[in-house]
Amino acid sequence: MNEFWNWDLAFEALPRLLTSFLTVTLLVTVVSTAIAAVLGLVLAILRMSLPKPLAMILKFIIDFIRMTPIVVQLIFAYFAFTNITPLTIGIIIFGIHYATYMAEVYRAGIESVPKGQWEATTALSMSRTRTWVAVIIPQAVRATVPALGNYAISMFKETPFLLMIGVVEMVQAGLIFGGNNFKYIEAITLAGVIFLLASYPTSLLIGRLEKRLAFKH
Amino acid sequence: MPSNTDSPNGGNVPAIRFDDVEKRFGDTVVLDGLNFTVNKGDRVTLIGPSGSGKTTILRLVMTLEELSGGYIYIDGEPLSHDNVDGKRVELNEKHKNEIRKRIGMVFQQFNLFPNMTVMENIIEAPVHVLGMSKDDAKERARGLLQQVGLADKEDAHPLELSGGQQQRVAIARALAMDPEILLLDEVTSALDPEIVGEVLGILKHVADTTDITMLIVTHEMQFARDVSNRILMFDGGRIVEEGTPEEFFTHPKEQRTRDFLQAVVADPITGALPWQPGPATPTRDGDTL
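Residue numbers (the numbering used here), protein chains in the order written: chain Z, 1 to 217; chain U, 218 to 506.
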């Protein structure tokens with residue numbers, strides 16, 4: 001009766017965990033990573049091209065978001081925007097929060113593009129937009145792929161914070177299952193294993209992608 | 218020599234004119250009231266010790282550096298600043314870009330775009346800046362690649378090429394814009410000695426077959442002598458001496474120039490300059506050649 005691990009319960013919990021994993025955890029990770037990747041790049045470019053005062057304001061906003069806990073931001077947005085569903089709030093907050101991290105990564109990537117590349121675009125009279133799109137971004141992004149991938153994995157592991165605003169992601173599904181059966185160990189352990197099985201191959205994939213994106217020598 | 222009648226102002230307008238140009242980096246004054254002109258079709262080589270401001274001059278013409286004072290005129294038109302009723306005003310980016318299109322530059326470090334193929338590097342600006350069709354630009358690029366001896370490399374990426382090959386692509390890329398003025402900034406300094414000749418040979422060919430105005434910074438004195446019709450010797454941001462290569466290399470007037478030539482090109486053992494008859498070479502039977 002008081003055993004530590006019950007296989008029957010574990011098998012019963014598994015499909016529920018996987019369902020919430022696919023419909024919430026993975027959904028939030030993929031959509032929010034896409035938001036963060038695009039918005040982060042926009043923020044980085046804006047910071048480098050806006051006039052000084054505006055760039056300073058933008059830096060302050062980015063730092064403010066980066067330096068406050070995501071849980072606080074989730075709860076704040078949950079109560080501030082009551083007309084938006086918690087899942088959407090989760091996706092947007094994760095997207096914005098990680099965009100501020102990624103903006104820093106992109107900034108480093110952009111700064112790592114040699115000055116000579118910018119000079120060549122001037123010597124060829126290339127427009128500002130074309131310079132960014134054809135020369136700077138393609139070179140800057142290659143260098144940032146590993147960091148971006150690692151942030152995506154961090155985000156993935158932080159999705160359980162969504163339970164604070166009532167989103168039934170995988171861990172919350174596990175807690176509900178545990179509550180119904182007065183036994184939590186199986187569901188929580190399985191949730192951890194699923195996180196591991198998903199993030200480890202992803203990190204290997206990022207390593208391979210990094211190699212494929214390197215410039216041909 | 219090209220005719221000067223096609224210039225907007227007509228008459229004998231110089232391709233490049235420096236008018237009281239000043240350039241400071243912080244407290245360091247690099248150029249202090251520099252005046253000189255380069256006529257259309259001229260090949261002018263700037264020589265002098267490092268730090269004398271030669272490269273800064275090219276970078277100012279390419280608008281890679283901001284003028285601290287004075288004016289630069291291209292074909293009689295102000296490049297970045299104009300004198301309006303005695304007031305010095307900066308011109309807008311659109312104007313600068315219009316002037317810039319007439320100027321091409323080849324860099325010491327090639328600065329090819331590593332994310333593009335050789336062909337993409339060459340057609341990028343003709344297509345997106347000049348509005349040429351992709352097919353026309355490609356055809357032109359193939360001709361240029363032929364000219365620089367890299368016809369088979371159009372699909373290669375720059376980092377797959379040797380330094381000499383990269384620099385040849387960079388020359389083709391600059392020529393693809395059909396520039397009126399070509400700036401060559403120590404284009405062989407980053408190359409292995411045995412590669413230098415092939416790059417200079419291509420530039421010599423360009424000089425012989427076009428009327429592009431060239432402003433050259435180089436340490437290759439033989440090249441300066443072969444290609445230029447005027448040499449300017451710089452020291453401390455000033456022109457110390459100028460003349461034709463003939464006058465300049467065989468009868469330098471200034472002691473500063475003689476010292477410089479002695480230091481950079483003289484044979485370390487005999488002290489002879491490469492284009493001066495050296496000491497007699499002994500032959501087997503004791504005579505001299």
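Warning: the hint list may mix true and false statements.
Said to hold, decoys possible - If you only want the chain Z side, here are some residues facing chain U, beta carbon under 10 Å, derived: (1) Pro53; (2) Gly116; (3) Thr121.
To be verified - Computed, partial: chain U to chain Z, Cβ under 10 Å: (4) Arg317; (5) Val346; (6) Glu403.
What the hints assert, rightly or not - With beta-carbon atoms standing in for the labels, derived distance ranges: (7) U:Arg305 to Z:Ser203: 52 to 60 Å; (8) U:Leu308 to Z:Met48: 22 to 30 Å; (9) U:Glu377 to Z:Met164: 35 to 43 Å; (10) U:Ala407 to Z:Ile57: 23 to 31 Å; (11) Z:Val71 to U:Gly380: 40 to 48 Å; (12) Z:Met48 to U:Arg455: 43 to 51 Å; (13) U:Asn309 to Z:Ser203: 43 to 51 Å; (14) U:Glu310 to Z:Phe215: 48 to 56 Å; (15) U:Asn309 to Z:Lys52: 45 to 53 Å.
Hints were generated in silico from the structure; no laboratory data involved.
In this text, a Cβ means the ideal position worked out from N, Cα and C, and glycines have one as well.
Going through the hints against the structure:
no.	hint	result
1	Pro53	20 Å, violated
2	Gly116	4 Å, holds
3	Thr121	8 Å, holds
4	Arg317	5 Å, holds
5	Val346	5 Å, holds
6	Glu403	13 Å, violated
7	U:Arg305 to Z:Ser203: 52 to 60 Å	58 Å, holds
8	U:Leu308 to Z:Met48: 22 to 30 Å	24 Å, holds
9	U:Glu377 to Z:Met164: 35 to 43 Å	52 Å, violated
10	U:Ala407 to Z:Ile57: 23 to 31 Å	42 Å, violated
11	Z:Val71 to U:Gly380: 40 to 48 Å	54 Å, violated
12	Z:Met48 to U:Arg455: 43 to 51 Å	37 Å, violated
13	U:Asn309 to Z:Ser203: 43 to 51 Å	49 Å, holds
14	U:Glu310 to Z:Phe215: 48 to 56 Å	31 Å, violated
15	U:Asn309 to Z:Lys52: 45 to 53 Å	19 Å, violated
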